Each structure stands twice: as C-alpha cells, then as structure tokens.
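Engineer: As you go down the protein sequences, you meet chains A and B in turn. For the first sequence, the working numbering begins at 1 and goes up steadily by one. For the second sequence, the working numbering begins at 1 and goes up steadily by one.
Warning: the hint list may mix true and false statements.
To be verified - Cross-link-like lysine-lysine pairs, in silico, DSSO-like; alpha carbons within 27 Å at most:
hint, chain 1, residue 1, chain 2, residue 2
1, B, K109, A, K11
2, B, K58, B, K109
3, B, K69, B, K42
4, B, K106, B, K78
5, A, K11, B, K78
6, B, K42, B, K58
7, B, K78, B, K57
8, B, K109, B, K42
9, A, K71, A, K57
10, A, K57, B, K57
11, A, K57, B, K106
12, B, K78, B, K58
13, A, K11, B, K42
14, B, K57, B, K106
15, B, K42, B, K57
Keep in mind the hints are simulated off the structure, nothing from the lab. Given the structure is predicted, the values throughout are model-derived calculations rather than measurements.
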Amino acid sequence: DTGVSQNPRHKITKRGQNVTFRCDPISEHNRLYWYRQTLGQGPEFLTYFQNEAQLEKSRLLSDRFSAERPKGSFSTLEIQRTEQGDSAMYLCASSQLAGGNTDTQYFGPGTRLTVL
Amino acid sequence: ILNVEQSPQSLHVQEGDSTNFTCSFPSSNFYALHWYRWETAKSPEALFVMTLNGDEKKKGRISATLNTKEGYSYLYIKGSQPEDSATYLCAPFLGGAGSYQLTFGKGTKLSVIP
Numbered sequence: 001d002t003g004v005s006q007n008p009r010h011k012i013t014k015r016g017q018n019v020t021f022r023c024d025p026i027s028e029h030n031r032l033y034w035y036r037q038t039l040g041q042g043p044e045f046l047t048y049f050q051n052e053a054q055l056e057k058s059r060l061l062s063d064r065f066s067a068e069r070p071k072g073s074f075s076t077l078e079i080q081r082t083e084q085g086d087s088a089m090y091l092c093a094s095s096q097l098a099g100g101n102t103d104t105q106y107f108g109p110g111t112r113l114t115v116l
Numbered sequence: 001i002l003n004v005e006q007s008p009q010s011l012h013v014q015e016g017d018s019t020n021f022t023c024s025f026p027s028s029n030f031y032a033l034h035w036y037r038w039e040t041a042k043s044p045e046a047l048f049v050m051t052l053n054g055d056e057k058k059k060g061r062i063s064a065t066l067n068t069k070e071g072y073s074y075l076y077i078k079g080s081q082p083e084d085s086a087t088y089l090c091a092p093f094l095g096g097a098g099s100y101q102l103t104f105g106k107g108t109k110l111s112v113i114p
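Between the sequences and the hints, there should be enough to build the whole structure, so can you do that?
Structural biologist: Here you go:
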C-alpha cells in the first residue's frame with residue numbers, strides 16, 4: 001500500500017502530557033499538510049511543508065504545537081502540555097507539486113487524540 | 001474567517017433513491033474546489049477537483065457541478081447504494097497566491113438504508 005500512513009491511529013493521554021504523531025506521505029510527494037478535525041466540524045488547516053520547509057502555519061497552531069519534516073519525507077506533529085481542547089482527529093495529507101491549487105491532497109486515516 | 005456552508009448536515013435515503021447536496025462558498029478569490037468522501041474509520045477519499053465556472057465532473061454514479069460566480073457546487077448521487085454511506089466534504093481553495101490550505105465545510109453525512 002503506497003498511501004499516506006499515520007501512527008498511532010489512537011492516542012489517549014492525560015492532560016499536561018506531551019504527545020507526538022507521525023505521518024508518512026506518499027513517497028514521491030513533496031508537499032505535506034496537517035489538519036485537525038474536532039467534533040461537528042470539518043477538518044481545519046494547521047500547517048504545510050514543501051520538502052523540509054514549513055511554508056504556512058495557521059493561527060490554530062499555538063506555541064504548544066510544533067511540526068517538523070526534517071528530511072523532506074516523514075513528518076512529526078508534537079503537542080506539548082496537552083489540554084482537553086486538543087482532543088481531535090489529526091489528519092495528514094500529501095500532494096505532488098504540479099498544478100498548485102488543483103493538486104489533489106491525499107489523506108491518511110488520521111490519529112485520534114483523546115486528552116483526559 | 002472564510003465561510004464554507006454545506007447542506008443538509010445529514011440525510012437518510014432509501015437504497016435506489018437519488019440525492020444531492022450543496023456546498024456554498026465565498027465567490028471572491030476562488031481558485032478551485034475539492035470534493036471528498038469520508039467513510040468511518042477510513043481516509044478521506046478525493047472525488048473531484050473543479051476549477052472552471054460551469055464545470056461538471058462525473059465518477060460512476062456521482063457527479064458534481066460548479067458555479068463560481070454565485071459560489072456554490074452541487075454533488076449528485078444517482079441510485080444511492082449502502083456503500084455510498086459516508087460524510088461528503090467540500091473544500092474550496094480560497095487562500096490566495098502561495099497558499100495551499102483547503103477550507104473544509106462541516107460535511108453532509110449520508111446514510112443509505114438498504
């Protein structure tokens with residue numbers, strides 16, 4: 001399977017703990033995106049990488065959140081000092097640099113975070 | 001805040017019925033519109049990318065139209081089947097040059113009753 005993969009699929013943590021999620025994009029895709037979906041909402045954009053460069057960040061990405069893509073391949077999203085409001089589905093997507101805004105973003109299955 | 005509205009929020013149809021839902025979005029700064037289907041416990045699946053006013057795309061029993069001047073898109077499903085049960089999300093590109101973020105609506109949850 002050469003789709004986008006995310007690990008773990010589920011994470012339960014206690015408030016105040018740090019968590020890290022991993023995303024492995026489709027191998028030849030140089031763009032990688034993170035989105036978050038909370039209950040009753042559509043996915044909301046968090047950040048975007050082109051190769052290893054983080055080019056766009058949402059105001060939703062507070063200073064407790066950090067994302068990296070060190071070698072332009074997989075990416076990690078870390079949340080420090082988790083809060084109950086961080087409970088959500090975290091989605092990763094990747095796309096290939098081609099037509100810009102018409103490029104299809106291919107999504108992974110997501111990591112569901114529950115903060116107790 | 002860019003407002004993307006989808007209606008209805010949910011609907012139940014009988015197997016074999018045809019159905020349609022709406023996505024409305026700000027018509028200024030429009031670049032493209034993406035439709036996704038998201039089944040429970042699976043990855044969102046890309047259905048269509050639409051760019052031009054009057055665009056019509058088709059994939060099997062599913063089709064979509066686009067009106068960029070008035071800011072809406074319709075998704076049609078002909079002869080609904082239980083496997084069509086999913087949440088259908090629309091996501092226009094509204095961010096302007098150099099932005100690649102999709103702005104999703106809340107989705108329409110479709111349940112097809114056998």
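Engineer: State for each hint whether it applies.
Structural biologist: Going down the list of hints, with the structure as the test:
Between K109/B and K11/A the CA atoms are separated by roughly 25 Å; this keeps the pair inside 27 Å, and the hint holds. Pair hint K58/B plus K109/B holds up; C-alpha atoms about 20 Å apart against a cutoff of 27 Å. About 34 Å separates the Cα atoms of K69/B and K42/B, which puts this hinted pair outside 27 Å; it is violated. Restraint check for K106/B and K78/B: the C-alpha separation of about 23 Å stays at or below 27 Å, so the hint holds.
A C-alpha spacing of about 39 Å is found between K11/A and K78/B, which places the hinted pair above 27 Å, so the restraint is violated. Note on K42/B and K58/B: the hinted pairing holds, with a Cα-Cα distance of about 22 Å set against a maximum of 27 Å. Using a Cα cut-off of 27 Å, the hinted pair K78/B and K57/B holds, with the two alpha carbons roughly 14 Å apart. Pair hint K109/B plus K42/B holds up; C-alpha atoms about 15 Å apart against a cutoff of 27 Å.
Between K71/A and K57/A the CA atoms are separated by roughly 19 Å; this keeps the pair inside 27 Å, and the hint holds. Restraint check for K57/A and K57/B: not satisfied, since their Cα atoms lie roughly 32 Å apart, outside the 27 Å limit. With a C-alpha separation of about 21 Å, the suggested pair K57/A and K106/B falls inside the 27 Å cut-off, and the hint holds. Proposed proximity of K78/B and K58/B is supported: the alpha carbons are some 11 Å apart, at most 27 Å.
Distance check on the hinted pair: K11/A and K42/B sit about 17 Å apart at the alpha-carbon level, within 27 Å; holds. Using a Cα cut-off of 27 Å, the hinted pair K57/B and K106/B holds, with the two alpha carbons roughly 22 Å apart. Proposed proximity of K42/B and K57/B is supported: the alpha carbons are some 24 Å apart, at most 27 Å.
Comparing the model with each numbered hint stated earlier shows that hints 3, 5, 10 do not hold.
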